[in-house]
Amino acid sequence: MDCEMENEHSEEMDMEVLSSMWPEDINEEGKMFNLEKPGADHDMLEGVKSKEEPAAVDFNRLVDLTTYSEKGSSQLSNLVKSWEYKQANAVRLLREELDSLSKQQKKVELKKLEMIEEHRFEEHKYGGNKRPVSVLDEVYDIWQEVPRRKNDVVVHDQRPEIEAEYDTIIFWKQRAIHLEKLLEASMQREQIALEKLQESIQSLERQSSPVEELSQVLRRADNYLHFVLQNAPVVIGHQDNELRYRFIYNHFPSLGEEEIIGKTDVEIFAGGGVKESQDFKREVLERGVAAKREITFETELFGSKTFLIYVEPVFSKAGETIGVNYMGMDVTDQVRKRERVAQLREEIAVQKAKETELNKSIHITEETMRAKQMLATMSHEIRSPLAGVVSMAEILSTSKLDKEQRQLLSVMLSSGDLVLQLINDILDLSKVESGVMRLEATKFRPREVVKHVLQTAAASLQKILTLEGHITDDVPVEVIGDVLRIRQILTNLISNAIKFTHEGKVGIKLYVVTDPCACKQGDSPNIKYKEEQSAPVKGSHDHNIQSTSKCRCDQKDFDGQKQGEVPCQCRAHNDETRTSLENGTSTNGDREEYLPHETTVWIRCDVHDTGIGIPEKALPTLFNKYMQAGADTARKYGGTGLGLAICKQLVELMGGQLTVSSKEHQGSIFTFILPYKVSTMYDCSDDPDELQDMMGHDAANDMNDDDANSGFFKFQPRTLGPIFSASGPGRSQTLRPNGFGLGAIHTRTAYPQDSSSFPSGNNTPKEICLIEDACSEVDVTETSPEPESSLMYSPECNNKNSIVNEQIKHDDENSQLKISSINTCSSSQRRKGDLDMTKISDPREMCQMQTKSERSSECTSNDSRDIPKTTSKPKILLVEDSKINVMVARSMMKQLGHEIVVVNNGVEAVRAIHSSHFDIVFMDLYMPLMDGLEATRLIRSFEETGNWEAAIKAGVEFDVSHSNSITNGQQSLSSRKRIPIIAMTANALSESADECYANGMDSFVSKPVTLNNLRQCFQEYLPPSL
Amino acid sequence: MDNGRLAPPTTNDVLERLRSLEYQGLLDNLLRYYYELKTEDDPCYFVNIIQVFLQDVPKTIDSMREILYQDFVNFARLKDLIVKVKGSANWIGALKMSQASSNLLHQFEIASKSGCMSALTEVKVVFDELRTHLDSLIQLELEVFAK
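Which chain is which? The protein sequence lines are A and B, in order.
Quick note on numbering: the first sequence equals residues 46 to 1071 in my numbering.
Quick note on numbering: the second sequence equals residues 4 to 150 in my numbering.
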């Protein structure tokens, strides 16, 4: 019952309904009082019926208390005083009553005398002198003036029945009778007053017993207290100095008097809180100071209840404590409510704290994101002018310079490149961390990637190092992954390895692992570091391994699916395996929807070296940003400490894990395992263009099958002589193969301060200058999609180059052809310009004419039928509405030896693609009529479906005759090839990038476009044959 | 100075003038970069760029003003024009004007017509200032060219 009520209480917090302290159904007799609807006319206590003994009392003790305790004495004396006061009051009232009666008596006597006197006088008069009787005598009645007693006998004026004649005998007789009656009545009243007086006196005597009076007072007080306290959840008690109960009111109903009186708490109850209660009472008893405390009882008798106990000591007249009075109030509900409120408050506080923490976290996250964004923006803002500086320096380097100037310029260029590289790194990191880095799924050949990376590294190698690449047979010929990022990782790791290796070998090993979780450091079949070798030889591969991390088991593939064990058939791929292209799924851009016949293969890549190794203490923080092995290392070898951090984040982004194992002075192995999709269908395509597209940026067109399937590459360093002696306009070697995302400037540096760059020994300016003077083949090696064409600008270097490559000569010939073609073109244009200029004398006029001619060419170029169809030059379409942009772009293209077709909006771009084939499209994003994104979508739609329905639906109108002529022709097929579309945007931030990629663009360059940007684009996206 | 006459201007003078404008914050180094791109077969390239800029921008500004002073503003057209003028400023590296255009775009984005008007006035003021310098620069370049 209590529990139910408590529940109700907890629910109805506002409504305070007090329950009985003790259970109601303990027994029927427990209901001590019956108070039923006391009306206003009833005495409240009249209907109160109390139990015979609501309290257990030791009366002797009570007597003792009232007799001997100071409080009891004073209470008694108060009662006596009260009684005395009442008695005095009663006496005073009686006296007043007596006085009043005696006064009345005196008055009556006086009246009587007066009457006697009067009648005697009248007798004398009647006898002698008969006076005349007045007519007013009848109303003259002296008795009317006699004061009457209240409620006494009323005496009426009874006149004689016979109206006797005045002064006759009859008259006087009647008169005498009347007076006699009045006298009798007066006498009766006096008698009654005396009786009443006597009665009052007797009554006073009866009431004069103080005991009875006090008993009544006490009874009334007792009744009142019962009435007040009968339902109150209180226990009142008195315990003697041994803490034995002598009085208790409202005790637990089931307990009898004999079970309480004379016993202590611990003797009555058992359970929690009882001892505490007794101790508390004892404490009060000893201290002599009243106190209150909240005690929770856990007893079998009444369960769990909390009482607020007030205990006060009782002192004897001598001042000694002879016991304690206590009052306990059941506050269980209140305590529970209080606890609940406290709990709620606590929860609210926790909630608030969490909210605050969350807000802080959000704030920090926002701030971090903002900071990153700002950093990215700043980096971009810094990069743009810096790119301008570097570009101008590039241009300057093509002019005539003396040796000193060239050296200074080379330092300037390499420094600029370094800063650009750093900014690119920061942007990369920012992209990865902010989650905007998008992975591209393209088909590529792992062997070629490894070969290319090593070959590029070897090109600038200035140490006696052997670069090795080993790919086991089970590695598929082609896999699907983000080749740009994989190459970026490999290049970073290889450049690091070379930087920190002074002799011996640096290499890459690629092999398939069945279970990525089971990989262990040093389990490479070829690279075995054996612990048992106690005295490892420096430069050898045998040494102990210290690993920083373990492989992750729940790695994800590109689709975000968890990879379990890699299917066994993944290993069954032989070298002849080729994957097929289906509907352009090999193109860059969004992640592809993989078909069911694709499987996943985990390929492990070890980048090993015999270098200086990494101290054990530096291993845990090696992949942290801006962290290097040590200050000495940073000083000696340079770098910013971003390279490995980027590698790690890229690997993790691709669902893998990058680990390192190293031994100081013996070497290091950086290992990453990545999942790749492999198409199980054989590629039947013989289209070389398609194959090249499929191979992404690493496939070499002229690579034969042996090369593609070769499992081992070895590159020896070239002699330093040609590197230091060769001269040329080219830039220093760059290795980072990152794409054009965010308008990246693909300038790379040989300045060995960044982990991505190759070392050149000590970083003295002098050496840097020497490096910059080196032959230019390295530049071409990186930027050309053909690895073998890397030496085409410096055939004289090739003779001394020890790179093991068979096809250099062939490529040199090609490259020379290309250069001569460009030069011829430029010189012819120059001659034409000279001729034009000679005809115009006024320079302003001439300029205006030239402007007009450019505009006219621009206008005519909108008609795509007039587009020249040459096979030697790439056909470039510029979609741009700004005249200035067009002029700048045209000028730059001209300098690069290209001509462009310009259209002014997306509609015209679609029409141009419809009517002609282009090798590359530069597309502005924001244009009137139709923006670049929509135009790209329409073009991509055509490439996928082979029809222009989407464009027609979008409102693009085509020239019908021209459309018919080409629909069935050869051009239709060629134009369905995916055209690289490069966005030109001023916004280089991630949103813009996402939008571009989402709409089918391949890449984008940020405005203002520089020569270098364009050059990189062409190298990246134009077929090498053009 | 030679025989009391000023020496004919050279390419360096043009570059110096450009640097001066950069120093004043009117331009960034882009125009100078374009100047470097000038080749013998296209000697008017630099002048043409500036001339196109100086011809296009006033028309665009006038169009914008016209739109803004109408009761019913054609916002789509206005945005095209704002982007156009901003793009033009960016392409020649007119830093101050680019900033003014950005402000105009911002006012457009928050749909403040009065803000657009005042921002447009600012663009016009900045452009007028720039035009004076660019006219002078063209004159200088033409003198170099005539030499």
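The hints are simulated quantities; they were obtained by calculation from the structure and are not laboratory data.
Since this is a predicted model, take the numbers as computed values, not measurements.
Mixed in with the good hints, there may be bad ones.
[Stated by the list, open to error] Residues from chain A shown here face chain B by an in silico Cβ test under 7 Å; the list is partial:
hint, residue
1, S927
2, I929
3, G991
[What the hints assert, rightly or not] Below are the DSS-like pairs computed for lysine-lysine, each with C-alpha atoms no more than 27 Å apart in a straight line:
hint, chain 1, residue 1, chain 2, residue 2
4, A, K448, B, K82
5, A, K508, A, K708
6, A, K445, B, K82
7, A, K308, A, K362
8, B, K82, A, K998
9, A, K939, B, K41
10, A, K918, B, K41
For each residue, glycine too, the CB sits at the ideal point set by N, CA and C.
Now for the hints, and whether the structure bears them out:
Look at S927(A): its Cβ gets to within about 5 Å of chain B, closer than 7 Å, so that hint holds up. Hint status for I929(A): holds, given a least beta-carbon distance of 4 Å to chain B, under 7 Å. For G991(A), the interface hint is violated, since its Cβ never comes within 7 Å of a Cβ in chain B; the closest pair sits about 33 Å apart. In summary, the hint linking K448(A) to K82(B) is not supported, as the alpha carbons are separated by about 53 Å, beyond the 27 Å threshold.
Proposed proximity of K508(A) and K708(A) is supported: the alpha carbons are some 21 Å apart, at most 27 Å. Of the pairs offered as hints, the one joining K445(A) and K82(B) is violated, with about 47 Å between alpha carbons and a cut-off of 27 Å exceeded. Note on K308(A) and K362(A): the hinted pairing holds, with a Cα-Cα distance of about 25 Å set against a maximum of 27 Å. For the suggested pair K82(B) and K998(A), the alpha carbons sit about 25 Å apart, so the restraint of at most 27 Å is met.
Straight-line distance between C-alpha atoms of K939(A) and K41(B) comes to about 11 Å, which keeps the hinted pair within the 27 Å bound. The hinted pair formed by K918(A) and K41(B) meets the criterion: a straight-line CA distance of about 23 Å does not exceed 27 Å.
Hints 3, 4, 6, counting from the list given before, are not met by this structure.
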